[in-house]
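Asks: First to last, the protein sequences are chains W and X.
All residue numbers for the first sequence refer to the UniProt record's numbering, where the first residue is 1 and numbers rise by one.
All residue numbers for the second sequence refer to the UniProt record's numbering, where the first residue is 1 and numbers rise by one.
Residues from chain X shown here face chain W by an in silico Cβ test under 10 Å; the list is partial:
| # | residue |
| --- | --- |
| 1 | 128 |
| 2 | 147 |
| 3 | 154 |
Here are a few chain X residues that sit away from chain W, every Cβ distance over 10 Å (derived from the structure):
| # | residue |
| --- | --- |
| 4 | 13 |
| 5 | 54 |
| 6 | 67 |
| 7 | 68 |
| 8 | 79 |
| 9 | 100 |
| 10 | 103 |
| 11 | 165 |
| 12 | 170 |
| 13 | 177 |
| 14 | 182 |
| 15 | 184 |
| 16 | 315 |
Keep in mind that the hints were calculated from the coordinates and are not lab data.
Since the model is a prediction, treat every value here as computed from it, not as a measurement.
Positions of the beta carbon are idealized from the N, C-alpha and C atoms, including for glycine.
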Amino acid sequence: MHGMVNRALQGFLVATYGADVWAEVRGQAGLPFADFEAMLDYPDEMTLACFGAACHVLHKHPNVLLEDLGTWLVTDTHLEPLRRLMRFSGASFLDFLHSLEELGDRGRLAVPDLDMPQIELDQIDPASFRIRARWSLPGIAPILMGCLRALADDYGALAFLRLDGIDRGVECLHVQLLDTAFSEGRSFDLGRVAS
Amino acid sequence: MTGLPPSLSRVIGLSGGALDVLMPMHVWADPDGRVVQAGPTLTKMARRGDLTGLPLFRILEFRRPARVDGVQALMALAGQRLGLALRDAPDLPLRGALTTLPEGTGLILDISLGLSFARAVAEFGLTLNDFSPCDQTVELLYLHEANTSTMALSRHLSRRLEAARAEAEAQALSDPLTGLANRRAMDAEIARCLDDPGQDFGLLHIDLDRFKQVNDTLGHAAGDAVLARVGAILRHQLRHTDVAGRVGGDEFLVLLRDCPDRAEMAAVAARLIAAIEEPVPFEGHLCRISASIGLAASIDYNQRPGLDRVLADTDAALYAAKRGGRGRYAAHGEPEPAPRRRAGDAAPGGFTRRCLDPLVSTPNTGGD
Chain W
1 MHGMVNRALQ GFLVATYGAD VWAEVRGQAG LPFADFEAML DYPDEMTLAC
51 FGAACHVLHK HPNVLLEDLG TWLVTDTHLE PLRRLMRFSG ASFLDFLHSL
101 EELGDRGRLA VPDLDMPQIE LDQIDPASFR IRARWSLPGI APILMGCLRA
151 LADDYGALAF LRLDGIDRGV ECLHVQLLDT AFSEGRSFDL GRVAS
Chain X
1 MTGLPPSLSR VIGLSGGALD VLMPMHVWAD PDGRVVQAGP TLTKMARRGD
51 LTGLPLFRIL EFRRPARVDG VQALMALAGQ RLGLALRDAP DLPLRGALTT
101 LPEGTGLILD ISLGLSFARA VAEFGLTLND FSPCDQTVEL LYLHEANTST
151 MALSRHLSRR LEAARAEAEA QALSDPLTGL ANRRAMDAEI ARCLDDPGQD
201 FGLLHIDLDR FKQVNDTLGH AAGDAVLARV GAILRHQLRH TDVAGRVGGD
251 EFLVLLRDCP DRAEMAAVAA RLIAAIEEPV PFEGHLCRIS ASIGLAASID
301 YNQRPGLDRV LADTDAALYA AKRGGRGRYA AHGEPEPAPR RRAGDAAPGG
351 FTRRCLDPLV STPNTGGD
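So that you can see chain W by itself, here it is in the shape it has in the complex (with noise of 0.2 Å):
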């Protein structure tokens, strides 16, 4: 998995519990060394295993890690450029959904070699949708649960989110929109370049 997911996951357990909870978890997980290195590529193995290590010594389920990790992603200060690049997707957060289909493209564009996720946006009504995707790991629905739970608060949109199952390998998501101007959200100037 490339260094910038297994980055993620390191930055994510750190910023959340703490650097002694990732020496243990890397510990337990037999990492041989301190850090992730977002440029580099690792094997998904070690991945994985950092993930069920911290599942095992935080006493939480992978889903409820997974989408804290989401929500993470967007909202975390020092992630500010990621949560830009986000936003460069949609003017509201409906044109952010319309557009989740590119998201794997604008990742690539970004991150070349960066595995992205697959994903398909089906509208069942005006204000509900079904979101199916695919990964090379599993977990990516709860991961992007919470990535649009936090995206949904970012652009001031009330959205309501579930699991919806998995499906031969593809997870699936169910986004109902309750109002798209529920609050103030946060701001967007696209002018600011990230320094």
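Once you've looked at the hints, dock chain X against the given chain W.
Replies: Frame of chain W; chain X shown alone:
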């Protein structure tokens, strides 16, 4: 023209709103060069409120392919790639293309941000909604930001790898106990000098005498203290262009650059032996050691020898010195070890002629 103002729906069968959606940065000018209609994004960028009725050339400045400021000259550029700028933002180059409208009703000019798009978006406070979905400027901006972020990650990685490399290199080339070079660094340095025909040098191979007794009677810590002391002597007594290394448990090599002269090498050897013989205090004890030294010089050879050869020759000289009774030095190519050349005989701070003479008088054998 009649008195009626021209209207888009009459001219090209499209409402003004349609053009705003398709080309939010367009401007339509009449044959007199006055703005009939301007797109919402261009209006926002011009910061003059509604642009209708204003002279086009007061808002925009046309630069490429030629500077023009008349409608007829401008219309002649129809279909070409235009370089232009807002009069109020001359340092943000824009790009455009125009077409003339039928029946002399003027021209339509469409504009896009040039390569300064990132600055332009910031300067004009543009948002996602200001761009047509067909306009890739926003994607360029996204890419620009993504690049900046990943470049920062790459630079971060490179910096840390470089620091790790430098540290590993330093560790790989130095002996941590004495701070001197290690065997590998020493070999590399001597090999470099051998490869350089302009570089003549002397080589000293030092072996400590009675070091084993210190280790055996006072322990390894005492042995380490003695080795560290010898390291300090070598670092302080040599010129900074010389190189000293610890190449074995109690063995050292010293490379004296531009110093192939037997007498000078002998003087250095004697001085080092005298310094090493100074007792080293350790936990209430005095550690007394000495050193034997074998010497060789690059000028001992008619042809540049290999590294192994030079090292073998200093080694042989060292054992000759040892056989002569320790605490002394011997030079490669000397017929006999010189039993009276005790370094301890040297006067403080120098080396007596009496000691030097036999060495100096030894003929240079010119190889072996």
